[in-house]
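S.K.: Take a look at the letters that make up each chain.
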Amino acid sequence: MANKILVVLEQREGQLKKVSFEVAKAGSDLASKLSCDVEAVIVGSDITDINKIGNYGISKVTHLRNSEFANYSASGYSQAVSDFVKEINADVLIIGNTSMGKDLAPRITAKLDGGIAMDVTALEVDGGEIIATRPIYAGKALIDVKVNSDIKVFTIRPNVFNPGEPNDSLAEVSTKDVDVNLKDKVVETKQASGKLDVAEASIIVSGGRGMKDAESFKLVEDLAEVLGAAVGASRAVVDAGWRPHGEQVGQTGKTVSPNLYVALGISGAIQHLAGMRSSKYIVAINKDADAPIFQVADYGITGDVFEVVPALIEELKK
Amino acid sequence: MKIAVCVSHVPDTATKVIISDDSKTIDPNGVTYIVNPYDELAIEEALNTKEKVGGEVVVISLGTDANKETIKKALAMGVDTGVLLKDSNFRDSVSLAKALAEEIKTQEAELVFFGKQAVDYDNSITGQLAAEFLGYNCVSVVTDFNLEDNKITAEREIEGGKEVVETLLPTVITTQKGLNEPRYASLKGIMAAKRKIIEEKDATPFDNKIEVLQMKKPDGKQPGKIIGSDASAVAELVRLLKEEAKVI
Ligand SMILES: Cc1cc2nc3c(=O)[nH]c(=O)nc-3n(C[C@H](O)[C@H](O)[C@H](O)COP(=O)(O)OP(=O)(O)OC[C@H]3O[C@@H](n4cnc5c(N)ncnc54)[C@H](O)[C@@H]3O)c2cc1C
Ligand SMILES: Nc1ncnc2c1ncn2[C@@H]1O[C@H](COP(=O)(O)O)[C@@H](O)[C@H]1O
Chain A
1 MANKILVVLE QREGQLKKVS FEVAKAGSDL ASKLSCDVEA VIVGSDITDI NKIGNYGISK
61 VTHLRNSEFA NYSASGYSQA VSDFVKEINA DVLIIGNTSM GKDLAPRITA KLDGGIAMDV
121 TALEVDGGEI IATRPIYAGK ALIDVKVNSD IKVFTIRPNV FNPGEPNDSL AEVSTKDVDV
181 NLKDKVVETK QASGKLDVAE ASIIVSGGRG MKDAESFKLV EDLAEVLGAA VGASRAVVDA
241 GWRPHGEQVG QTGKTVSPNL YVALGISGAI QHLAGMRSSK YIVAINKDAD APIFQVADYG
301 ITGDVFEVVP ALIEELKK
Chain B
1001 MKIAVCVSHV PDTATKVIIS DDSKTIDPNG VTYIVNPYDE LAIEEALNTK EKVGGEVVVI
1061 SLGTDANKET IKKALAMGVD TGVLLKDSNF RDSVSLAKAL AEEIKTQEAE LVFFGKQAVD
1121 YDNSITGQLA AEFLGYNCVS VVTDFNLEDN KITAEREIEG GKEVVETLLP TVITTQKGLN
1181 EPRYASLKGI MAAKRKIIEE KDATPFDNKI EVLQMKKPDG KQPGKIIGSD ASAVAELVRL
1241 LKEEAKVI
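Chains as they are written, first to last, in our numbering: chain A, 1 to 318; chain B, 1001 to 1248.
None of these hints come from the bench; they were simulated from the model.
Just so you know, not all the hints are guaranteed correct.
With beta-carbon atoms standing in for the labels, derived distance ranges [as the list claims (entries may be wrong)]: (1) A/Ser35 / B/Asn1029: 43 to 49 Å; (2) B/Ile1226 / A/Glu87: 54 to 60 Å; (3) A/Gln191 / B/Leu1168: 34 to 40 Å.
Even glycine gets a Cβ: it sits at the ideal position worked out from N, Cα and C.
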């Protein structure tokens, strides 16, 4: 049984992040299955267009505001959200499984003595109880879990819960100024400017050792550019120093579920597959027809990346 | 300064996962266990810090006798002492973090390193939970760490970049790749580890808030179509992506 669902939205530089629409929709869908209330909260300083969250089924949102909240602070954000949960008597929280959410959700859970299920890919209701499904062993298995404490916290995997088409309703926004006593502070943000992160992209083009060397890897970037995709990499490429670790996909890199994942010159080792096998569509280009990547690919071309990829870029530009 | 490192003992990342008959756990037959890869970074950073500021490092692991192997590996790398919190039952992250926090308090450790994630259940939360139970500060997913007096400057990975965070001791840090290169245990280290003490005690029980209902295999992805073997296949690929998959 649930009383009230609170979805925790996320902003970066004052803009709602895409994952906010996904948590909003996941929260409103769950609320209708449980016939309970749902509302949203967002922590930040100045934030634009918060009311747009109404497009995804949420009619009420509270902005917990302080000028010190322009950047994320674990201590500040977790205190503000926990106090708000108590104030409105919410008992189910839905948060995005992002770098902010993964840090924030457990802090709130511990403050409220709740239980938590991370990186959830499905939320169902059975006999009035919420059943969450989550991948474990890097996606080699799934578990269904139930949270038995009064406060239940779920983080949802980005790109999995479809926010659907936005409607034109707007949410009612109330702003609440809160006091802070930050114990940890972001003093600098080093954003690789304009670069799309693999964890957030809906299309990813990844390259492996088959791209030959760091210079030739440029071809991966070129294809990513025409597709509006993020660039990913296998560990072999990261270990060789051709690409930064932030781009590594796999068990010891990032877990991704884009709509389209294009693997260029990647063999498809079990640790790589673990990070990308839940992608909706997978394309593999590899000259070895026996490469394991073809076992998970929807579409494959068994050819040389240096011939096929330039042709593919030309075709897409048409 | 007393520094603690929490380590987990997990199946090798190359493990083929087979679900047991109880439908709740994996079949341990033929599975080899390793030190959780992220925890090696945690051990290395604890040792680096000790080498800079002095003090003592204790490694803590909760689990069965089998975890001693992982504790020994840490001792061989240079950690001073080990604690095994014995428990053979399923624990969720909250009850695990409470037991670890209790031991960290007993050890009076002011700086604690965790891996950012254990590669079995991939929860990525034990360090943050323990920090909160201890009332410590916490920086997670750290790729650069500096300690000066009691002030910490740490860089954490975020989507598309890094954040530089400042905080004060006592603190929990969770470690991410890029932070350091874990050392190999030397022969001397392995010999020295044989004389180091592993203290064993029963882990304090706490209620689990999570109940595992069932473990299952993901829907197997069927191999798809091979469209061609050279550049002539690209037109068909683009058509399929547009018309069949509708992803571009
Ligand atoms: C603990 C642990 C964790 C790991 N974590 C990860 C992880 O997170 N992510 C990850 O990716 N790996 C991870 N690995 C490594 C993994 O096992 C593989 O070694 C790695 O994924 C291989 O990278 P690759 O596919 O780029 O290289 P390779 O396996 O060398 O494959 C290169 C492929 O390119 C093809 N090729 C070569 N030339 C061409 C050409 N001209 N045209 C077309 N195709 C070509 C070849 O046929 C081959 O299939 C991990 C390993 C361990 C032990
Ligand atoms: N059984 C355990 N004993 C000690 N530390 C653990 C244990 N399980 C997890 N940890 C620590 O918590 C980190 C995060 O684990 P998790 O939250 O399960 O992904 C790991 O990298 C370890 O540092």
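S.K.: Which of the numbered hints are not met once you compare them with the structure shown?
M.R.: Violated hint (a single one): 3; every other hint is consistent with the structure.
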